[in-house]
Amino acid sequence: MSVAMNVNPNLNTVNRNVKVMRWKKYAVGYAMLLPFLLLFLLFIVVPVIWSLVLSFTHYNIVQPMKWAGISNYVELITNDDLFLVALQNTLKFAVISGPIGFASSFFFAWVINQLRMRNLFTLAFYAPSITSGLAISVVWLYLFSSDRYGLVNHLLLKLGMVKDPVLWTQDPKMIMPLIILISLWMSLGAGFLTNLAGLNNVSPYMYEAAAIDGVKNKFQELIYITLPSMKPQLLFNSIMSIVGSLNVYEITVAVAGFPSPDYCAHTIVGHMYDYAFLRFELGYASAIAFILFLLNFSIGRMFMKIFSSKDE
Amino acid sequence: MERRTFLRIKSKRVLQWISIIVILTIVFPISSSAFSGEPLRKKYNIKERANIEDSLLYAVNTRTYADALKEYEEKYAYPSTKSSEVVISPDAAKNITGGAAKIEKSLGSKTSPVLLWDDKAEGYEWNFFIETEGLYEVEMEYYPLPGEVSPIQRKLYIDGEVPFREAENILFNRKWEEQGDPFFDINGDEVNPKLAIVYEWSTTKAYDLEGFYSRPLKFYLKRGNHVLRLDYISSPVALGDIRIKTPETTKTYAELTADYAQKNYKKYTGSPLKVQAEEALYRSDQTIKRQYDADPCTEPSAESQMRLNTLGGWRWRNGNQEVTWVVDVPEDGLYKMAFRVMQQNGDGMNVYRQILIDGKVPFEELEAYSFAFGKNWRTEEVGSRNGKPYMFYLTKGRHEITLRIVTGEMTSAIEELKSCNLMLSKTIRDITKVTGAQPDLNFQYELDKKIPWVMEDLKALSARFKAQSRYISDISAKRPSFANSLITSSEELDSMVRYPDTIPAKLNDLLNMQTNLSNWYFTLQEQPLTLDYLLLAPPDGKIKNVQSTFLQKMKVTWLNFIRSFTKDYDSITLSVDRSKEESKNDDSTKNERLKVWVARGKEWGELIQVLADEEFTPETGIAVDVNIMPSGSVGAIGNVSPLMLSIISGDAPDVALGSDSQTPVELAIRDAIQDLKGFDGFNEVKDRFLPGAMTPLQYRGGTYALPETMDFPILFYRKDIMNELDVKIPQTWDDLYYKVLPVLKQNGLDFYTPSDFSMFLFQNGGSYYTKNGMRSGLDTDNAYKAFLQWTRNYTVYRMATFANLFNHFRMGDIPMCIGNYNDYIMIAAAAPELYERWDIADIPGTVKADGTIDRSAGGTVTSALMFRQTRNKDAAWKFMKWWTSTETQARFAFEIESLVGMEARWNTANVQAFKSLAWDKNHLAVFADTWKGYRNAPNVLGGYFTSRHVANAWTRTVMNNMKPRDSLEKAVEEINRELARKQKEYGLIPAEN
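Same order as they appear, the protein sequences are chains A and B.
Position 55 (the first sequence) corresponds to 55 in my numbering; numbering is contiguous.
Position 35 (the second sequence) corresponds to 35 in my numbering; numbering is contiguous.
This is chain A alone, in the form it adopts within the complex (with noise of 0.2 Å):
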């Protein structure tokens, strides 16, 4: 008893002290993080919810702000032709470019990681990534120009597959290929470098002890063997890829205008911005904000799935 009751307090202090130590233990960490946290907290968790929040307003940004209810999704979701056409459009864009972009890095950097001067192309294929949207804008408006002495243009007239100048920039069926090629080139490069990481950090010796198992060939080592190995950063490029292909909204302005012809490059961002800055109805546009944060949310939650392995 005696021991007990003498255990009985230290052993209370024990655990507070434990408590204590775990705590303080976790506080520095938590310290360190408090700078991140604070600015998270306030520029993404509060903006977030206060766009919630105007979602349900009326609010044209210089008068004061009237409550609407659900009026707004009601609208958006009932009575907006235009709200499908951008999500059409955004989808179109996403299916097409993602995909493609997501296995083109993949295979860029597969092949590039084996050949010699591998730095040259790496820094080839990051460059369009590190330079400006509007520059390279320019750039490609300036090949793709609908003028007949646009580059292009000029090229197929002068090879005669063309009889007048194809219209780019203007012709609703040129439009998003074009877009898609423009966008496909300038996002490679940052998956690209991910998965150029990536291969790096897969073990020579697992190579050897494939080989020495049987693999015969390069496929062989990159299905068995890379591809399982580099999971986490394909799951980072799907996710940043499908992130990017679902805000596109920047290079549609470049290449066909805001707003574009006949709407045919109209994506959901578009949407957002057309109600936000164009027609001042800031409580609408949060409201398809809204909804993008949950269509952007769920898809990457889909791909968490899919990518991540149970094993580990």
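In short, the hints are calculated from the structure, not lab data.
C-beta: ideal position from N, C-alpha, C; glycine also.
Computed Cβ-Cβ distance ranges for the label pairs, DEER-style:
1) A/Val162 x B/His923: 37 to 47 Å
2) B/Lys459 x A/Leu155: 25 to 35 Å
3) A/Leu52 x B/Glu303: 47 to 57 Å
Chain B regions said to be covered by chain A (calculated; three or more residues, Cβ under 8 Å):
4) 630-644
5) 947-954
Keeping the supplied structure of chain A fixed, place chain B upon it in accordance with the hints.
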């Protein structure tokens, strides 16, 4: 049935055209080969050039002074006349239109009669008698009259004709002097003091405007009675005596030194005299101002602040511009002269200055003294080519030293380039007569057989290019890249001569060559030179070549870099002391300060600040703080602009300038903009602008902004090509469709108009909205007619849908097009090779029922606005009133143009001010005509949907072949839905439930 007759008519027309073409192709080679036997030298003989029927030259007086002078010397071998002088008194002037001459008994320091001449008198004539035949100069006394600040120019006739091209513009240089010392802004940087015209009598001889000739122009006069006539070009002036004099001879330096030795002048031995270049007494142009130079050895040294320590540079580059300094010479004697200079503009060519002492060139070598190109500052002693400094004899006392821009040795190259250019352009047209503008590259045209003389021309051109290249590199300190380009061009021509079948493929190269030649023609004329100080020193002493070291430069660069963190670049307010001091003049002020945002370039903003400080603040006692914003930042459409944020946070400026044409109404709808209607004098202010320019700024009875600039469409055409095709300028769209377009298309050319619906809508009697602006007006018959016409331009007439107007117009494959004001400025300022070869006209119109032609069209405006939040609204209104006034706008336009250049010509919305700018008379008449039909679409609630869906309708019809009627109806439906939606949102119509 109808369709069939139409086809028949059409096929008939086609037949007609085909027959015309067949005839043309047969006739052309024959008729043009008539020239082929002509020897080249004869063909391009200067004297006979005027006889060559050349559509290029028809409007230009091509006889240059050089030609004329040569002719005088050859033909008359004029006797060296004894010095004689005929004085013509100004009161003998006869007004050429018959009115009375305005004679004043005395003016300024002059007590004899003078002739006052403003723009009311077109020209004056004087009779005079010449005793002995010979060459004479014309010397004139003049006194600038207040009222205008643009250069004073007159056109000179002798016996009823302009003797040569140079006499078409005789310049009377003004004298500008600084009003007080430079002062400091809030950053501690120096600011140029205001310049003012000096009103006093001066004497000038007639020089050429470009400074091609270092000596005054000479006119050949026989014995007998003659008539001298001057025509008004710009700016009023008072004229005193006009003297017709025999040319004075200037001694050479060798002759002069002999004189020195004979007169036994002694050399000055004291300490050197230094005059800072920025402290010049007079300059001929307002643009020649003190400049900042960061070189550590430049005096006074800049340290890390901006010190205006030099003069000249790029602002001092045009012919005849002159700057005068004053030196006090301590004793009689011989001096040598030195300048600390830098000339790093251009690419290696020398620049030339005429050096005058007390208004006279002391010896021949200084008529065009060359300053070599050099990237660094240097102290250059004025001396002969072999480096021996010249000595100048100066008496004790005050002397004026003047540097005047001439082109010196460059003149012959400039003239030669021009003549090459004419020859090249004729050659190109000879070739395109055979090949067409877009040659079939798979066809062998056999140019060397069909137009053999062209081969000779190309050879001759190549030789001339080579000669010029050699000449230019000989006279330059560093071989200019331009000399290399000439060699490249010359080699290209050689290869064309060798392989004539490649010429059609190289047509573009020839056109580029032509553009380059024209550009060089203008670059060679530019003579910039930066001066730090000038020295008069003892001839035997040594003058140190003051150059900064690498370390010194490093230090300055770092200091500047460090200071860039603390410097306030946006604010250009003058130091607080100064503006306070100014507002003290007016007792009623309570130190009001207006905050003004200007969304324009730095030069524009600074100039507005300067003008406000000089005129507005002293007048009203209201101080103005100008803040320069990035362009687009005072618009609210399409982004989160600083303006928008400032309104939300309640910190909006008092006035914003440089906004667009939609923002005022968009913000007014949301109750953020002040209605200007109630302010005092609003109606007078409103009348300064075209009603069409006000339309987009008005909404439901209120006016929410004042227009600053306006844009309007203009029809451009190439005179040379239209002449060649014998095409008349279309007055109506039908003219264009049936008379002009077929001819253009037959010749592989095109017409271009930017895709603008307004023009067609207005001309067809439609409007964008119903009267009250509640519904779209595009569902009317007229609107449909307009839409049909607009889309048929592309679907039926196959006009170019998209084209870079500037490039195509220069190339000539779109020789006629509709463009806007910017295109006008671009072509005028940046297409020198088209000089005199293009013109403008009213845009085509639509014939109305009463037979008149409706040319209604619109263009965007930029605007100035005031906010609901503005605290001192009356002061803000006073500022807006002042800013849009004719005087302010005219002065601003003039100054910004002289500061930035022709490309910055201010298209002010103030009609009177616009007219007062230095326009070509005929062009201004076209503008004024265009303004009669100036109309713009109003801005309504939800109106952004109109332009958007009209554009969509166009796309559907032109690109996707949708029926125009369906396409337009779909657009109208969309527009109306949005209008109603917005009207509900803002309570203009009750919501449904």
